[in-house]
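**Student:** Chain residues, written in single-letter form:
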Amino acid sequence: MHESADEHTLMRILGNNEELAAHNREHFDELGLWAINLMSAPGAGKTRLLENILSSWTEIKPYVIEGDMVGELDAIRLRRTGAEVLQICTGRSCHLDAQMVGRVLHGDSLQGKDVVFIENVGNLVCPAEFWLGEHMRIVLLSVTEGDDKPIKYPVIFHKCDAVIFTKCDLLPYVDFNVATAASNVNALNPKARIFEISAINQQGIPDFVSWLKSRLVKYKDERRSELCASPSRPE
Amino acid sequence: MHEASIANSILQIVTDKLSTTPHSQAARRVHIIVGAFRNVDLDSLQFAFDNLRGLYHGCVNCELEADMISARAICLEGNHKYSPDFAHAFRCPVCQGPIGKLLCGEELDVITITLEANPVEANSMEGIFNA
Ligand SMILES: Nc1nc2c(ncn2[C@@H]2O[C@H](COP(=O)(O)OP(=O)(O)O)[C@@H](O)[C@H]2O)c(=O)[nH]1
Ligand SMILES: [Mg+2]
Ligand SMILES: [Zn+2]
Ligand SMILES: [Zn+2]
Ligand SMILES: [Zn+2]
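Chains as they are written, first to last, in the working numbering: chain A, 1 to 235; chain B, 1 to 131.
Derived by calculation from the structure, the hints in this document are not laboratory data. Any given hint could be a false lead.
Below, computed lysine-lysine pairings styled on BS3-like, alpha-carbon distance capped at 30 Å [said to hold, decoys possible]:
(1) A/K61 to A/K113
(2) A/K220 to B/K101
(3) B/K101 to A/K213
(4) B/K81 to A/K213
(5) B/K17 to A/K191
(6) A/K159 to B/K101
(7) B/K101 to A/K191
(8) A/K152 to A/K113
(9) A/K152 to B/K101
(10) A/K220 to A/K61
(11) A/K152 to A/K61
(12) A/K218 to B/K101
(13) A/K113 to A/K191
(14) A/K220 to A/K191
(15) A/K220 to A/K152
(16) A/K213 to A/K191
(17) A/K159 to A/K213
(18) B/K17 to A/K152
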């Protein structure tokens, strides 16, 4: 038997991802890029919502990072709006991580853009664990998934800034109680803003986009005052 | 299966420790804590860890010991401390209020790594060394 000894350390297991995410954040801020991480189960309507945002919010210079396990289908759809879209194929990984997003930031010129939308891989579990350096996290829940999903996937709903109930045009056909769903979100995350939208009849989309606009203005104001305080550049 | 990413991160932390510890070349055990409010399935993590450890120098016999930390919260308005759970839809059982703040349950940390002393040095070291 060999001798052994305990080495007490307190190491955050995902500390490496957190450091890379913080580095990404420095790049976003240096570029003046407001970064939004969109997360949901597969098919909740992330790409469809992005198509709507990109074609109706014409004042911004957007950049889209598309995370998908395989293929470029979503990127092709979004390029039709005129936006610059970069596809990350995550392969076997079921979430984007900070390193994947960092590669884009170090490889592509994002100069002159002001909003970056990151469409995460469709999944309500893993993406919640991997910070990307984003300023805002938005979770989409389609009404076909059920009003109980926030309490079944509490982590992602606890750690986000806004929740969008999508496909509200289908409410007459499904057993989804908006008040119950909102109460379930509220229990986990009383600060989260809740929106109800439909990409088919445009319900709620103007409200959501004007909220995004106001948050972007807030971000730009904060950046301006921070820049005056301490100008610094990441590697 | 992000448990594989998490297992890789744990093994990386163990090999980093080994590489800065000249009196040891192998890890015997790594003890981690996992909050209930993290998306980590302990069985999947164990499975991933056992299958990946052979790929990391000095980790082939390393055991993973994982402790789950249950969640505690303070409710938003009543300031009651409680254990948020699915059965109560994560609300405070006293006032039905939402989570104001999680006090614990979001841990995902390595807390102890047990290293084996090199056989030649074992006698003189007497197994005592500090981090
Ligand atoms: N009825 C209805 N269908 C929608 C809505 N939004 C998206 N969809 C459909 O849902 C499917 C998945 O949408 P998509 O945007 O690809 O979801 P993603 O996987 O989250 O990016 C597509 O067939 C969309 O046309 C909506 O508001 N109402
Ligand atoms: Mg999509
Ligand atoms: Zn950099
Ligand atoms: Zn996963
Ligand atoms: Zn209470």
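**Student:** Look at each hint and say if it fits the structure.
**Tutor:** Here's how the hints hold up against the structure:
Proximity of A/K61 to A/K113 is assessed by CA-CA distance (about 5 Å); at most 30 Å being required, the pair is judged to hold. Among the hinted pairs, A/K220 with B/K101 is consistent with the structure: their alpha-carbon atoms are about 28 Å apart, no more than 30 Å. Between B/K101 and A/K213 the alpha-carbon distance is near 28 Å, which keeps this suggested pair within the 30 Å criterion. For the suggested pair B/K81 and A/K213, the alpha carbons sit about 37 Å apart, so the restraint of at most 30 Å is broken.
Distance hint between B/K17 and A/K191 is unfulfilled; the C-alpha atoms sit about 40 Å from each other, more than 30 Å. As the CA atoms of A/K159 and B/K101 are separated by approximately 12 Å, the hinted pair is consistent with the 30 Å bound. Between B/K101 and A/K191 the alpha-carbon distance is near 11 Å, which keeps this suggested pair within the 30 Å criterion. Taking the CA atoms of A/K152 and A/K113, the gap is near 37 Å; set against the 30 Å cutoff, the hint is violated.
Proposed proximity of A/K152 and B/K101 is supported: the alpha carbons are some 19 Å apart, at most 30 Å. For the hint pairing A/K220 with A/K61, the CA-to-CA distance comes to about 14 Å; that is within 30 Å, so the pair holds. Restraint check for A/K152 and A/K61: the C-alpha separation of about 37 Å exceeds 30 Å, so the hint is violated. A hinted pair counts as satisfied when its Cα atoms are at most 30 Å apart, and A/K218 with B/K101 qualifies at roughly 25 Å.
Taking the CA atoms of A/K113 and A/K191, the gap is near 29 Å; set against the 30 Å cutoff, the hint holds. A threshold of 30 Å between alpha carbons decides the hint, and for A/K220 with A/K191 the separation of about 21 Å falls inside it, so the pair holds. With a C-alpha separation of about 36 Å, the suggested pair A/K220 and A/K152 falls outside the 30 Å cut-off, and the hint is violated. A C-alpha spacing of about 19 Å is found between A/K213 and A/K191, which places the hinted pair at or below 30 Å, so the restraint holds.
Only pairs whose Cα atoms come within 30 Å are accepted, and A/K159 paired with A/K213 is accepted, the gap being roughly 22 Å. Simply put, B/K17 and A/K152 have alpha-carbon atoms about 37 Å apart, too far for the 30 Å limit, and the pair is violated.
Checked against the numbered hints above, the structure breaks hints 4, 5, 8, 11, 15, 18 and satisfies the rest.
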